[in-house]
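Visitor: For reference, the chains in residue letters:
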Amino acid sequence: MAEHTIKAFDDEIDRLRGLIAEMGGRAEAAIENAMLALQRQDLALAAEVVQGDKRIDAIEAEVEKLVIEVIALRAPMANDLRDVIAALKIVSVIERIGDYAKNIAKRVPLIATNRQLLEPMSLLPSMGQVAAEMVHDVLNAYAARDPDLAQAVVERDAVVDDFYNSVFRTLVTFMVENPKTISECAHLLFVAKHIERIGDHATNVAEMVYYAATGQTMPERERGGTDVQAEI
Amino acid sequence: MTQDQINLAIANPKMSARDVNVFYGEKQAIKRVSIDVDMDNVTAFIGPSGCGKSTFLRTLNRMNDTVASARVEGEITLDGEDIYASSMDVVQLRARVGMVFQKPNPFPKSIYENIAYGPRIHGLAASKADMDVVVEKSLRRAGLWEEVKDRLHDSGTALSGGQQQRLCIGRAIAVEPEVILMDEPCSALDPIATAKIEELIHELRGRYAIVIVTHNMQQAARVSQRTAFFHLGELVEYGVTSDIFTNPRQERTKDYITGRYG
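Heads up: the protein sequence lines correspond to chains A and B, in order.
Using the working numbering, the first residue of the first sequence is number 1, and each one after it goes up by one.
Using the working numbering, the first residue of the second sequence is number 1, and each one after it goes up by one.
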């Protein structure tokens, strides 16, 4: 894209985009590390994720401040305006994604090592990976202003929803059969729900990326799944 | 590029231009511009210096007639009537299509006389009492009455710049125009005086078709509902103002309004 006549404006936009890239990268790592901590019962790593969320929150505040400054001082128009508004909305969503990762990490100490639990937990790592990849790809779509890549991310949300439904059913069955694990399984249910929400949030970001890049709202996708649990 | 990609369909145009070319001697300043202007919306013409927006504005009430080297081709109509037809009375046309200029230019006469001059030569007031009514009404519509009602016989040139510009708008209004053309009406004014003119434009909307040329894109965004972007004598894009400023269709429009013009 051509440069602005006022170079400082370009610098501010670059800084904004850099901050969002950093924030998104940290959120993605937080998801991966939280899931890793859960699998390995790594309390130190879990604590690190919780601690790391502070930086994500701080970047959100920094972006908000910068966006307000840019709007006030530069009066951005057209794609620039869409860009900064999208930035403002995207950071609030990434902040939520960071919170979900933190929440998963906080549950790690509450889900005690229990050989029995390996079975219902088996799907969670793959589910977490898909969600983390969605976050990763949507940030690439943002960096490249790529509406097609953004659309591809949205389509992948169905995979996360399907995972959630499977995990939900598996856990319910497992709880019925193993009532002693109900407390831990309830936490795992929350973990699954958090990952499912991360997928939804990545979808929201993708829609904003699409809008910022094209000026159009993303065409409504076909809702293939009829399973109600994904909607809850 | 087809016309409908860059142009706006307007159902009941007050003024219409079709394939208008303007030449200053050999130089072509306006290239095949077709555009409609309607009654209910304020239309802003924007574009960089030398893009032809002011030249084009001046074709709408034949101000270019006063420039010896200027030549206008194409058709411009007011309510369907060709304003360049030989039967068109130019003085009458300029009463119907009034103009406000960049620099406030009140006559060196009293405030009252500045307003009364036009109605008098056009025979719009039969008596002194009639004229008093016209003057008050015009000054009220121009948002100036309260500020000047006690000193109507002071000189118009003694007013502040912003007041002078509102006096000029009042003077244009006094002859009951249908269209008001404004050529950068706020470029000589401070932000408060500018805001007052912008508020006035908002109040006059609907009563007159208003076309404003402005260098200030924020002003176009604030006062208009339709925006036309001119570049190198061409009409690049004409659309709903909110679309032009959030999602312009043409690359050149985007580069200009985002400050990437190069």
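I should point out that these hints are in silico values taken from the structure, not numbers from a laboratory.
Computed from a predicted model, the values in this text were never measured in an experiment.
Even glycine gets a Cβ: it sits at the ideal position worked out from N, Cα and C.
Certain hints may be false.
Not the full set, but computed from the structure, chain B residues with beta-carbon under 7 Å of chain A [what the hints assert, rightly or not]:
no. : residue
1   : Pro248
2   : Arg252
3   : Thr258
Just a few of them, taken from the derived set where beta-carbon distance is under 8 Å, the chain A residues facing chain B [what the hints assert, rightly or not]:
no. : residue
4   : His4
5   : Thr5
6   : Ile6
7   : Ala8
8   : Arg82
9   : Leu189
10  : Phe190
11  : Gly215
12  : Thr217
Visitor: Determine for every hint whether it applies to the structure shown.
Guide: Results of checking the hints against the structure:
no. : hint   : verdict
1   : Pro248 : holds (5 Å)
2   : Arg252 : violated (11 Å)
3   : Thr258 : holds (5 Å)
4   : His4   : holds (5 Å)
5   : Thr5   : holds (5 Å)
6   : Ile6   : holds (6 Å)
7   : Ala8   : violated (11 Å)
8   : Arg82  : holds (7 Å)
9   : Leu189 : violated (43 Å)
10  : Phe190 : violated (40 Å)
11  : Gly215 : holds (3 Å)
12  : Thr217 : violated (11 Å)
The structure shown violates the earlier hints numbered 2, 7, 9, 10 and 12.
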